[in-house]
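Trainee: Got chain A sorted already, so can you dock chain B onto it with the hints?
First to last, the sequence lines map onto chains A and B.
Numbering-wise, UniProt numbering puts 179 at position 179 of the first sequence, and it's gapless, one number per residue.
Numbering-wise, UniProt numbering puts 338 at position 338 of the second sequence, and it's gapless, one number per residue.
Honestly, the hints are just simulated from the structure, not real lab data.
Bear in mind the structure is a predicted one, so any value in this text is a computation, not a measurement.
Cβ atoms here follow ideal geometry from the backbone N, Cα and C, with glycine treated the same way.
There's no promise every hint is true.
[Unchecked claim] Partial selection, computed: residues in chain B whose CB lies under 10 Å from chain A: (1) Gly23; (2) Glu44; (3) Gly52; (4) Trp53; (5) Phe114; (6) Ala127; (7) Ser217; (8) Gln232; (9) Pro233; (10) Tyr251; (11) Thr271; (12) Ile345.
[As the list claims (entries may be wrong)] Simulated restraints on C-beta separations: (13) Leu312/B with Gly76/A: 46 to 56 Å; (14) Gln391/B with Glu43/A: 18 to 28 Å; (15) Val135/B with Pro351/A: 49 to 59 Å; (16) Asp103/A with Asp281/B: 52 to 62 Å; (17) Gly76/A with Gln252/B: 34 to 44 Å; (18) Leu365/A with Gln391/B: 55 to 65 Å.
[To be verified] The calculated DSBU-like cross-link candidates involving lysine-lysine, where the alpha carbons are at most 35 Å apart (straight line), are: (19) Lys167/B with Lys146/B; (20) Lys167/A with Lys7/A; (21) Lys343/B with Lys7/B; (22) Lys172/A with Lys146/A; (23) Lys55/B with Lys343/A; (24) Lys7/A with Lys55/A; (25) Lys7/A with Lys55/B; (26) Lys343/B with Lys55/A; (27) Lys167/B with Lys7/B; (28) Lys7/B with Lys55/A; (29) Lys7/A with Lys343/A; (30) Lys146/B with Lys172/B.
2 protein chains.
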Amino acid sequence: MMTDFSKTRQAFDLPDGVTYLDGNSLGPMPVGAAQRVARMMTEEWSQMLITGWNKAGWYTQPRRVADRIARLVGAGPGQVVMGDTLSIKVFQAVSAARALRPDRRVILSDRGNFPSDLYVAQGLARAVDAELRVVEPEEVEAAITKDIAVLMITEVDYRTGRRHDMKALTRKAHEMGALTVWDLAHSAGAVDVALLDADADFAVGCTYKYLNGGPGSPAFIWTHPRHADAAQPILQGWMGHRAPFDFDLAYQPAAGIERMRVGTPPVIALTALDAALDVWDDVSLTDLRARSIELTQAFIAGVEANCPEVVLHSPRDPQQRGSQVGFRHPQAYAVMQALIDQKIIGDFRAPDVLRFGFAPLYNGLDDVARAVDGLTRILRDRLWDREDYMQRADVT
Amino acid sequence: MMTDFSKTRQAFDLPDGVTYLDGNSLGPMPVGAAQRVARMMTEEWSQMLITGWNKAGWYTQPRRVADRIARLVGAGPGQVVMGDTLSIKVFQAVSAARALRPDRRVILSDRGNFPSDLYVAQGLARAVDAELRVVEPEEVEAAITKDIAVLMITEVDYRTGRRHDMKALTRKAHEMGALTVWDLAHSAGAVDVALLDADADFAVGCTYKYLNGGPGSPAFIWTHPRHADAAQPILQGWMGHRAPFDFDLAYQPAAGIERMRVGTPPVIALTALDAALDVWDDVSLTDLRARSIELTQAFIAGVEANCPEVVLHSPRDPQQRGSQVGFRHPQAYAVMQALIDQKIIGDFRAPDVLRFGFAPLYNGLDDVARAVDGLTRILRDRLWDREDYMQRADVT
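This is chain A alone, in the form it adopts within the complex (with noise of 0.2 Å):
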């Protein structure tokens, strides 16, 4: 292994005596990301006000930041851009993929999808009369015929972690004319995304989770390059013109990924993401997927030997699974307040499922070691039968 996650384990200032366990939902903050935003806004927007959009290279942030992210999921330099949200780049997508074809109507996606972009898919199949259809997580191959116009999934599933086979089903996709829209949300950062090897059409992601740009950080697009100068966006901004500032009356798509563009990028957000990319300069894809398998493995095998009152939510099999590992408990909720409470921090999922992310990046073994330990505990002496365990307040 070339990678040194002690190395990249030192970016990360986490507070004293944490478990992080909760990267899959929000990263924590690379040391360096603070300074640079403080930077950027007392150097750049304070001192060069409206001429940073030239002078700091503000303007071309969104390709500068995409092209790092690019190689992480296994796509080539200018085929990704930055901006907005998830929910808003799976729009983009998923209109453009359909608007390539235009003969068919139904989009497919599976019960296992994060529910934003079910509602993203049932917002734009009622405006643009298409159809979402949802089935179960096993039924997708089977399910793509030669009616669907686009396939829409979350490569890994953000309860159970199961992770679909990318190059499989876009082949079966392909097979019967459809298009591919893969959501990377709990992919990017945390396992082997290898898009151009698996021929996908189209891809999203967000980078608050795995690449710890932030809370709300911006998302990314990705484009097949075949497809870059034919996929027309619904959402059609200034920023995605082919020359914004000529004023033109009339929306002119600009050449390849940089239509996806759409307003005025957020480029304080985009900072904080930039320096949070640092960290994986160093870093391979494969070493990052064998830890990542170390650490989940371990964990599953550990929590088994000792917490008999949890039943494993992810599959067993480390191929079909990505970074993050679920166990149902029936009081899940109380019991993950208690974990959090000793400082071991993962994540509630209704309605039953305790959900816990590894991240090569500053997650190791002593984490696995304390995770298995504290829950181990916290069950076996009943700790999470408390009152005040068993108010729930939402939480993301």
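Mentor: Chain B alone, transformed into the frame defined by chain A:
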């Protein structure tokens, strides 16, 4: 005048010697913003991690920040929400308004609208089989006929500063059965916007101009309470769901303006904006408007008395003007470069417009005098006539 503009001016730390007349493109940094963002990053994100969504109130931040903006646009608390970019919010508002007039298909706008709004409407029109009709600004009122579904207008023209009569156009629209969508990009923080008083239907705006939220800061959207529970957004994201953390597979819109939320809110950017809004706490909109008129009138008078080479490109009547002034000159690009070299920063808008924005929060009569003097010298001595000033680069 009760507002102390010498005090609001101290909230900005502009570079030495700079006269900044481009706050209509990018507002300067309020000194409190960098500090607030640093604290959010190092004390909230870094230390609270995922629990920041509740403990630090990130989850409700889009509403809290929006309530501060509501006052500045004549709307009530709970009627505005933050998120995304202005182009996305234009899409949300126009698509929702159109859906409330399903038997009509024309979206009416004018050639003075910011092009991105027209692009967004073109994309929407293609997707939902509507028609975008664009007329001259002076023809808008007459063009509001009984086939119009939505009147989509930017209140203050981004080049000329011409201000539409929101109340009169809204009245006419309602008489004809149409709904109105007002883009407040060049109004919010610049003039005394009064949405409820004008009985408008929808409004959207950006926050990086006169509200000083920073480059690419989030947009806002307002829905009149009479439509808030009926408007159905096309962009259906989980943050606009009635119960986001139930993770239902079917979208159910939240009550009121909350349904216009889409994805995860941009916390770092909203924090900078929140700090920037502190400056507005003691500002009255009546005083703001009076101060703005004082500055723009003085600038027009000064330039016209000293610079016969330029032609006023803005309405002479201050009641028909926002807080910016345009002058035309055949070599406007080079003239603006010469001004910027003298630290008098306005901007150029194609094909031949010199644009100057006057922000009452930090601009004073001293800035007016410096700008008039600088422009006078540059034109009289043809200081703009240099090859390097002619080489045009894209600027925003």
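Trainee: Which of the stated hints cannot be reconciled with the structure, identified by number in ascending sequence?
Mentor: Structure breaks no hint.
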